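Undergrad: Sequence:
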Amino acid sequence: MKFFSAVALTTVFAGLVSAVDLRLYTAINCDSSFGWRQCGNLPAGRCCSAPDVPAAAMRLSTTSGVADFSGWGNQGCAAPLALRSSSSGCVSGAFAFFSGNWRSSSRIASLATTSADDCVDPDTFGFTDEDGKEHTGKITAANKGAVDAALKQGNVAALKSVAAAA
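For the sequence shown, this note's numbering begins at 277 and goes up steadily by one.
It cannot be assumed that every hint is accurate.
Calculated cross-link-like contacts (lysine-lysine; reagent style DSS-like; alpha-carbon spacing at most 30 Å) [unchecked claim]: (1) K436 x K414; (2) K428 x K414; (3) K420 x K436; (4) K409 x K420; (5) K428 x K409; (6) K436 x K409.
For the record, the hints were derived by calculation from the structure and aren't laboratory data. All figures in this text were calculated on a predicted structure; none of them were measured in a lab.
Build the full structure now, drawing on both the sequences and the hints.
TA: In structure tokens, the structure reads:
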């Protein structure tokens with residue numbers, strides 16, 4: 277009986293501890309031909325802050341267990357609120373935004389979340405080429421400036437160069 281209880285509790289809590297990939301698109305409707313940045317494995321409540329390039333839309337890798345997600349007009353997930361949604365798929369902001377986060381639908385998981393002040397920078401960038409193929413690369417200290425410049429300009433050729441070098 278004790279073994280069953282321990283396994284059941286472990287299973288329940290494992291399902292509550294979750295993270296999602298949060299993508300910030302530079303174009304409305306999550307048009308990835310202009311590029312995107314992503315905070316991978318972002319826990320509930322943690323802020324993904326990308327202050328150098330404004331985002332126009334946001335998408336989560338899953339909305340299972342997600343109460344809602346938000347895009348914020350300032351870095352650090354600070355007001356004004358540009359978007360809030362609980363739907364799956366792409367959500368465009370009412371205006372450009374610089375950070376985003378999500379809240380868990382689980383009360384227990386919500387209690388275990390980190391502070392919104394504890395922000396992370398995007399760790400991945402990507403784009404879709406003219407053939408519809410998605411390309412991704414890791415954002416590093418060495419290539420962050422080049423990635424940001426290419427995203428600001430919507431320069432897919434520059435993103436390709438950075439991805440090829442990564």
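Undergrad: Next, verify each hint and record whether it holds.
TA: Hint check:
no.	hint	in the structure
1	K436 x K414	12 Å, holds
2	K428 x K414	18 Å, holds
3	K420 x K436	14 Å, holds
4	K409 x K420	22 Å, holds
5	K428 x K409	21 Å, holds
6	K436 x K409	12 Å, holds
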